[in-house]
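Novice: Sequence:
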Amino acid sequence: MTALHQPTEGTDTRRQARALASAFRRLTPAAGLGFAIILLYALIALFAPLIAPYGQTEVVSPVPYGPWSGQFVFGTDQLGRDVLSRLIYGARNTIAISLAATMITFAVGITLGMVAAVLGGVIDIVISRVVDAIMALPQLVVILVMLSVVGSSITNLIIVIGISDATNVFRLARTVSRNVAAMDYVEDARVRGESLTWIVFREVLPNIIPTLVAEFGMRFCFVVLTVSALSFLGLGIQPPTADWGSMVRENATLISYGDITPLLPAMAIALLAVGVNFVVDWFLHHASGLRDDQ
Numbered sequence: 001m002t003a004l005h006q007p008t009e010g011t012d013t014r015r016q017a018r019a020l021a022s023a024f025r026r027l028t029p030a031a032g033l034g035f036a037i038i039l040l041y042a043l044i045a046l047f048a049p050l051i052a053p054y055g056q057t058e059v060v061s062p063v064p065y066g067p068w069s070g071q072f073v074f075g076t077d078q079l080g081r082d083v084l085s086r087l088i089y090g091a092r093n094t095i096a097i098s099l100a101a102t103m104i105t106f107a108v109g110i111t112l113g114m115v116a117a118v119l120g121g122v123i124d125i126v127i128s129r130v131v132d133a134i135m136a137l138p139q140l141v142v143i144l145v146m147l148s149v150v151g152s153s154i155t156n157l158i159i160v161i162g163i164s165d166a167t168n169v170f171r172l173a174r175t176v177s178r179n180v181a182a183m184d185y186v187e188d189a190r191v192r193g194e195s196l197t198w199i200v201f202r203e204v205l206p207n208i209i210p211t212l213v214a215e216f217g218m219r220f221c222f223v224v225l226t227v228s229a230l231s232f233l234g235l236g237i238q239p240p241t242a243d244w245g246s247m248v249r250e251n252a253t254l255i256s257y258g259d260i261t262p263l264l265p266a267m268a269i270a271l272l273a274v275g276v277n278f279v280v281d282w283f284l285h286h287a288s289g290l291r292d293d294q
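Per our numbering, residue 1 is the first one in the sequence shown, and the count goes up by one each step.
For the record, the hints were derived by calculation from the structure and aren't laboratory data. Hints are supplied without guarantee of correctness; some may be wrong.
So the derived label-pair ranges between C-beta atoms look like this [unchecked claim]:
| # | residue 1 | residue 2 | range |
| --- | --- | --- | --- |
| 1 | Leu284 | Val63 | 30 to 38 Å |
| 2 | Thr28 | Val126 | 38 to 46 Å |
| 3 | Pro53 | Ala136 | 53 to 61 Å |
| 4 | Val150 | Arg129 | 50 to 58 Å |
| 5 | Thr57 | Glu187 | 32 to 40 Å |
| 6 | Gly151 | Gly32 | 40 to 48 Å |
| 7 | Pro53 | Thr175 | 31 to 39 Å |
| 8 | Gly151 | Trp198 | 49 to 57 Å |
| 9 | Ile260 | Thr57 | 18 to 26 Å |
| 10 | Ser195 | Pro239 | 46 to 54 Å |
| 11 | Thr175 | Val145 | 23 to 31 Å |
| 12 | Ala107 | Val150 | 14 to 22 Å |
| 13 | Arg202 | Leu263 | 44 to 52 Å |
| 14 | Asp281 | Leu233 | 39 to 47 Å |
Everything numeric in this text was worked out from a predicted model, so none of it was measured. Cβ coordinates follow ideal geometry from the N, Cα and C atoms, glycine included.
Start from the sequences, fold in the hints, and give me the full structure.
Specialist: Set out below in structure tokens:
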């Protein structure tokens, strides 16, 4: 029975790969723009030290809140640091931390969701009730309390956000995994005596990937906003490290003088969210087609 099962799985995988490759050849203008925005941000984050004209903590002017000029494209902040350079480094720091937190979110949420769906019974009930209890509290409040206890280091920030946001991924993973766990090929795996690890990661996970990939984009945007909000409140990425949220707070006084410099990091966050959502919308449309082809 194992020999008969494997070719079917491989055939489905190849069919999905061909369908996805065909979908990439038919990108919509919005999806193409989204991919271009994501690629631009990725390049900026990767090559920030080469792109930024100055260091993220380097004081380059004796004049605080210096005006926009040829030397300082977006002026200087309250300490005389180049705003453009800090925007570039802010992209690197914000995206890297958000991506790491999102990966923890999915590692924890997906694993617990699939295990709860496959095992069911008491284990499913216990995990689900614990998740419900956590989700009954406002997520930002939970994060603030946890950070006030463990401290606001970058490592703690990633772990706290990753674990607190895993509850949302758990509920999605559990729901879609329960549908897959009821399929005949999963029951066949149980009859063959396959382990829980095999069933979860070889039978269930490959069949829920399209939904999870789309959710990853949405969760990533949410985590970027959470990291920036925490930095704005002073509990996120700590100075002098550049971060979009803290840049809004540090330059907020310029709004009173009609200067839009504090809006630049906010616009950077908004543009990234728009790009990711364009790609997610495109992927959701074609993921439904992939499921229909199975």
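Novice: Check the structure against each numbered hint from earlier and tell me which ones fail, lowest number first.
Specialist: Checked against the structure, the hints that fail are numbers 1, 3, 4, 5, 7, 8, 14, while the rest are satisfied.
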